[in-house]
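Construct the complete structure from the given sequences, taking the supplied hints into account.
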Amino acid sequence: MLGWVCSYTPEEIFAALGIRSCRLYGGENQASAAQYLPVNLCPLARACLSEGLDSAGTGASLSGVVLTASCHALVHLANAFQHARGGNGQFFVHLLDLPRTFGREDEAACRAFAATLRDLAGRLGEFYGVAWNDEAFLTAIDKQQQVRLLLRELYRMRRERPEQFRAAGLLELVRAAGRTRKEELAPVLSSLVVSLQDAGSGDNWDSAQDGMQDGGPAAAVFLEHLRRQGSPLGPRLLVTGNSLPPAYFDLIEELGGNVVGDDLCQSYRYCLPDTEQALDGSGRDLFMTLARGYLHRPACPRMLAGPERFAYLQALILECRAQGVVYHTLKFCDASIYDYALLRNRFMEAGIPVLYLETEYRDAGLEQARTRIQAFLEVLGPPDGKLLAEGNQVKWWTLKALCAICCGAGSGGTGCCRPHSPTPCWAGFSG
Amino acid sequence: MLSSPLTYTLLGGVLRLTRGNWPLDAMYQMGLFAFNETGRAYIGKAPVVWSSAFFPVELAWGLGLCPFSPEVAAAYIAVLGFGEETMSMGEQAGYSRDICSFHRCIAGAASAGNLPRPAALLASTHLCDGAPLLFQNLAALYGAPLLALDIPYNSSPEAVRYVAGQLEQVWLSLADVTGQRPDRDKLAEAVRCSERFRAQMQRVNELRCRVPSPVSGNDMLGFIYLFFIGQGSREAAEISAGLAKEIERRVAGLGRSGPTGAQPEKYRLLWMHLKPYYNDELMKFVEQEGGVLAMEEFSHVYWPPLDPEQPFLSLARKVMSHFIFKPVTERIRVMAELARKYRVDGIVHFSHHGCRTASGGALMIKDALQDEGWPVLVLEGDCLDGRNEACGGMLTRMQAFLEILQERKPGCAL
Ligand code: SF4
Ligand code: SF4
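Protein sequences, first through last, are from chains A and B. Per our numbering, the first sequence starts with residue 1, numbered consecutively. Per our numbering, the second sequence starts with residue 1001, numbered consecutively.
Be careful, since some hints might not be right.
The calculated DSS-like cross-link candidates involving lysine-lysine, where the alpha carbons are at most 27 angstroms apart (straight line), are [claimed, not checked]:
hint	chain 1	residue 1	chain 2	residue 2
1	A	LYS331	B	LYS1366
2	B	LYS1326	B	LYS1284
3	A	LYS331	B	LYS1326
Here are the in silico distance ranges between beta carbons for each label pair [what the hints assert, rightly or not]:
hint	chain 1	residue 1	chain 2	residue 2	range
4	B	GLU1403	A	GLU126	48 to 54 angstroms
5	A	ALA364	B	GLY1393	21 to 27 angstroms
6	A	GLN90	B	ARG1184	40 to 46 angstroms
7	B	GLN1399	A	VAL39	51 to 57 angstroms
8	A	PRO382	B	GLY1113	41 to 47 angstroms
9	A	VAL39	B	GLU1403	39 to 45 angstroms
10	B	PRO1304	A	ALA131	55 to 61 angstroms
Treat the hints as calculated values from the structure; they're not laboratory data. The C-beta atom is built at its ideal place from N, Cα and C for all residues, glycine as well.
So this is what it looks like as structure tokens:
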């Protein structure tokens, strides 16, 4: 079983070679990483190392890892796996180059990535003693794409009916997708999608349950997890940044937030690569098709695509009719910290309220976050209310509360978040 | 004031008066070079391009531009005592205290309008995760283009060609945005200067194998300006040649002697990463205790000779050959080799808080080097931010480490 972390990892290649793979998510416990990775490194990387070293859990079945050179946390995660398990040559550790430049024009980056993918396929084949088969590759690409499209359909439904969908349930589903053979998952998802479509827009989850056909018990379990029950209906939110732990999604919903969209690596972003062109069977270079599929999807914070990223998020906000944004960073994740510094100003200029959340990729800190999320939701108002930039009826205390969430300057705190800008922030304050 | 030519005339005069006080004449020359270039950047005599550490800045020298290193500027800001205030401005601009303090300082200085306006920003993706991201943000702030080099880990011939192709593109785009004519002869000349710098620094490093050490490694860490921004300039080639000569004279028993003068050399150290620039308490302490930085990771010349006839391929090979941009086993191998070559007693990894690249591998490096019998100290701290809690116990930890080294000395009675 191969472990992997980043959503730029080409699962299609593992599947083509018939190698089982499993996305690592890491658990609450990061203890066994402490020997290899310092505390001031990404908690996700540390958690994944702990998971991969856990001989009583996932670690026992891992025979290797394929990690992208996305950032130095993952580079050192590969180093740590090599250090801890790679010594005898029985454990496969591969660091996959991932270009940072992005965009449809960057054909050279796609070619370089395609060469890297081909190299990975060769090395895996050699290590596991499996011959490459183009036919199997085509099937794997096809299945993966099918799963992505089905997942995207579920996201589309959530956007329309957020009050029925549990955001953490969708996250759990995508997480499961990263650990399941796609040929097994595709019928389950398809049954789930069809029954939810048939159930229509009312609160018809029971009829969805009844309508389930060939998805078997797995689909029923997923359906149950997807069902949101009993939480108040509040403002519509987009969650971006990097992997927010599921408990925080539940907290947001418990407090009334409607998560209508996200742009997270372990969630919606997983479903974004598009490799449809591969299906025409015209004998084109499938590695190149795969490279383009991954590199052409909307960029994540680690790519050098700040302006395009903002445009993409803005479009997503409009599409989801989100009233506010929750930006999550993992402590010590440079990619999201720098991304936030850029986007924060853009969001402010566009009048889009943002709540900045930082976590250590564990549930500790939930209570602290509760107050801030609560205050943010109160400020945003009822669902489908206007964006702040559009409405002028916001009361002075609301502005103060907003400011307190952000930097606190307007409510007596220190340091305005835009000290040198003449234009006021979205809460109406300027330096 | 920063953009007034008068400022530089006056300060330049003051600097010249201090010539006799510098520990090495080459340092004085470098100070003068840095000062003149800074003046050129602020006065705007030539288009300024920002170049992040480890970007092959030869491209900019080869176009007659004025390269500016914000990382080095941040170090000077800290040396001058404005670090905290500037970093706080960076934090207010949205940069968390968990990131590299060099970057927070740059972001702060940029948001306050205290840095020379770039015509373009150059960054490479290897070795530092933060630099290209910061430069992207600052490119937006200044409305200038970011020209980024995407560098893969694997250095197959295909990958080298990929980087060489980008280097040529960046060079052409840089010429275009700064209104310069892309002249291949000038570029070849810059690569020739860079090669002279490489050869001279290698000569310096050979001379430094002597025991006792002919030069202070702490002083050598002051040469980051040449390493980060000078390569490709005529001045860096000349200064490094002067430095080699100066050390040769010392080794021959002429001129000023050893690194610390009065102190005997008790502990020879290999120093990894950089040092605190906000004050010199730690380095002074090491010196007082008889510690000498016999060699620093940063001074190591790791890259192969450059061929001016093949500038892009040469520079591609140079950037891709960095031993930190390889599996951590390579950094371990190089450090063990340096430790043997410079006959050190112990190795100190200065773990700069926000640097994922360097400190991310520190524990594994310690583990492996200790297995080879080297005493290793991972010293958590921060190059610019003295407020960082990691900086608190630095002296105590260093002292304890030096005591361990003392105990290991043959004939120690303890
Ligand atoms: S969360 Fe950030 S630091 Fe961690 S692996 Fe992802 S990009 Fe790297
Ligand atoms: S110290 Fe590390 S993080 Fe900071 S600029 Fe240098 S390489 Fe980047």
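A quick look at each hint next to the structure:
1. A:LYS331 <-> B:LYS1366: The hint holds at about 24 angstroms.
2. B:LYS1326 <-> B:LYS1284: violated (33 angstroms)
3. A:LYS331 <-> B:LYS1326: Holds, because 25 angstroms separates the two Cα atoms, which is no more than 27 angstroms.
4. B:GLU1403 <-> A:GLU126: 48 to 54 angstroms: holds (50 angstroms)
5. A:ALA364 <-> B:GLY1393: 21 to 27 angstroms: This hint holds: roughly 25 angstroms between Cβ atoms.
6. A:GLN90 <-> B:ARG1184: 40 to 46 angstroms: violated (51 angstroms)
7. B:GLN1399 <-> A:VAL39: 51 to 57 angstroms: Once the Cβ atoms are compared, 23 angstroms apart, the range 51 to 57 angstroms for VAL39 (chain A) and GLN1399 (chain B) is violated.
8. A:PRO382 <-> B:GLY1113: 41 to 47 angstroms: holds (42 angstroms)
9. A:VAL39 <-> B:GLU1403: 39 to 45 angstroms: Given range 39 to 45 angstroms: violated, Cβ gap about 26 angstroms.
10. B:PRO1304 <-> A:ALA131: 55 to 61 angstroms: violated (38 angstroms)
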